[in-house]
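A.B. asks: Chains as they are written, first to last, in our numbering: chain S, 1 to 178; chain C, 1 to 178.
One should not assume that every hint holds.
One copy or two, either will do: identical chains are not told apart, so a pair holds if it fits within one copy or between any two.
Here are the computed lysine-lysine pairs in the PhoX-like style, where the Cα-Cα straight-line distance is at most 25 Å [stated by the list, open to error]:
{"hint": "1", "residue 1": "K10", "residue 2": "K176"}
{"hint": "2", "residue 1": "K64", "residue 2": "K178"}
{"hint": "3", "residue 1": "K28", "residue 2": "K176"}
{"hint": "4", "residue 1": "K97", "residue 2": "K172"}
{"hint": "5", "residue 1": "K176", "residue 2": "K97"}
{"hint": "6", "residue 1": "K10", "residue 2": "K178"}
{"hint": "7", "residue 1": "K3", "residue 2": "K151"}
{"hint": "8", "residue 1": "K143", "residue 2": "K176"}
{"hint": "9", "residue 1": "K28", "residue 2": "K178"}
{"hint": "10", "residue 1": "K172", "residue 2": "K28"}
{"hint": "11", "residue 1": "K97", "residue 2": "K3"}
{"hint": "12", "residue 1": "K172", "residue 2": "K10"}
{"hint": "13", "residue 1": "K10", "residue 2": "K143"}
{"hint": "14", "residue 1": "K64", "residue 2": "K28"}
{"hint": "15", "residue 1": "K176", "residue 2": "K3"}
{"hint": "16", "residue 1": "K64", "residue 2": "K3"}
{"hint": "17", "residue 1": "K172", "residue 2": "K143"}
{"hint": "18", "residue 1": "K28", "residue 2": "K10"}
{"hint": "19", "residue 1": "K10", "residue 2": "K97"}
{"hint": "20", "residue 1": "K97", "residue 2": "K151"}
If you're looking for bench data, these hints aren't it; they were derived computationally from the structure. These figures come from a predicted structure and were not determined experimentally.
Number of protein chains: 2
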Amino acid sequence: MAKRSFPLSKVYALLEPGPVVLLSTAHKGRSNVMPLSWHTMMEFEPPLVGCIVSGRDFSFVALKATRQCVLNIPTVELAAKVVGCGNTSGRDVDKFKTFGLTPVPAESVGAPLIAECYANLECRVVDTRLVNRYNFFVLEVLKAWIDPGCKDPRTLHHRGRGVFIVAGETIKLPSKMK
Amino acid sequence: MAKRSFPLSKVYALLEPGPVVLLSTAHKGRSNVMPLSWHTMMEFEPPLVGCIVSGRDFSFVALKATRQCVLNIPTVELAAKVVGCGNTSGRDVDKFKTFGLTPVPAESVGAPLIAECYANLECRVVDTRLVNRYNFFVLEVLKAWIDPGCKDPRTLHHRGRGVFIVAGETIKLPSKMK
Numbered sequence: 001m002a003k004r005s006f007p008l009s010k011v012y013a014l015l016e017p018g019p020v021v022l023l024s025t026a027h028k029g030r031s032n033v034m035p036l037s038w039h040t041m042m043e044f045e046p047p048l049v050g051c052i053v054s055g056r057d058f059s060f061v062a063l064k065a066t067r068q069c070v071l072n073i074p075t076v077e078l079a080a081k082v083v084g085c086g087n088t089s090g091r092d093v094d095k096f097k098t099f100g101l102t103p104v105p106a107e108s109v110g111a112p113l114i115a116e117c118y119a120n121l122e123c124r125v126v127d128t129r130l131v132n133r134y135n136f137f138v139l140e141v142l143k144a145w146i147d148p149g150c151k152d153p154r155t156l157h158h159r160g161r162g163v164f165i166v167a168g169e170t171i172k173l174p175s176k177m178k
Numbered sequence: 001m002a003k004r005s006f007p008l009s010k011v012y013a014l015l016e017p018g019p020v021v022l023l024s025t026a027h028k029g030r031s032n033v034m035p036l037s038w039h040t041m042m043e044f045e046p047p048l049v050g051c052i053v054s055g056r057d058f059s060f061v062a063l064k065a066t067r068q069c070v071l072n073i074p075t076v077e078l079a080a081k082v083v084g085c086g087n088t089s090g091r092d093v094d095k096f097k098t099f100g101l102t103p104v105p106a107e108s109v110g111a112p113l114i115a116e117c118y119a120n121l122e123c124r125v126v127d128t129r130l131v132n133r134y135n136f137f138v139l140e141v142l143k144a145w146i147d148p149g150c151k152d153p154r155t156l157h158h159r160g161r162g163v164f165i166v167a168g169e170t171i172k173l174p175s176k177m178k
């Protein structure tokens, strides 16, 4: 995988625009993938990410048990696979095989990276206080990878029911904000 | 304001794509506005939204004290005003006057709607358990408004340091996901 390590201090710039991500887990010898859009940055460094994983999702059990996952960021070329992963359950199918996704061993967690995604964030669960009430997990990003060839990633932004906005033009304004 | 009431059950479709929002508050006779991108949907209905408001932000005090706010969703036409609101503090300036934003009374909260934004979500704080540790507030959307003339809102998605992706083309795939 022609990816390089990406500085943790810049991870927020990958997730802050709100892209759909593919959450990958591994538990009891089975890897799984699910798309999710309900996530937010919570801290710059170390990067903390909050996300909702429903108790109905097969990934919930793996995430809760292993406290490890990878957030993989797909671009528009993977849209059909992303929706496919959302339309099926890891209870029934091996999503890596079914959708032709390539698992790659991570450096610091047991869950696999997805080779086809332009960025991968290896995460561990650091706070479960809001899991019972909201299925809300706080993750710390331990290691980040990026495809250096992907300059303007055309990320997917879900508007519900399979409708996605694709990242369009980029504008820059003089900002004091980080 | 030519806006109409928007069903609470569809609010997730406005926030799930990850747009920059303008959070408006009112406290002790002063209204204020700040842009933020660190937010996530947490529940469909009633719609719950989690967001980070830093303790350094002037809005933090107002949000904590009043437990009310409005999340206003701007489009690209407002980009300069959005960045302006981020570059200044409500401690020093009246951002509504400075940036030519029009406050409109809300129906269910004391904070004002911003007329120029294509959608407005009146919110109350419902959970502060993660405020001390992460400045993370859980909001419930009580009332939503939308400009019915704005069909494909060109929302802003922050990539850090004043760089924004503008919502581009829309694609639709056959999805079982909500």
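A.B. asks: When the structure is checked against the list of hints, which entries are broken? Sort them ascending.
C.D. replies: The structure breaks hints 3, 8, 9, 10, 15, 16, 17, 18, 19, 20; every other hint is satisfied.
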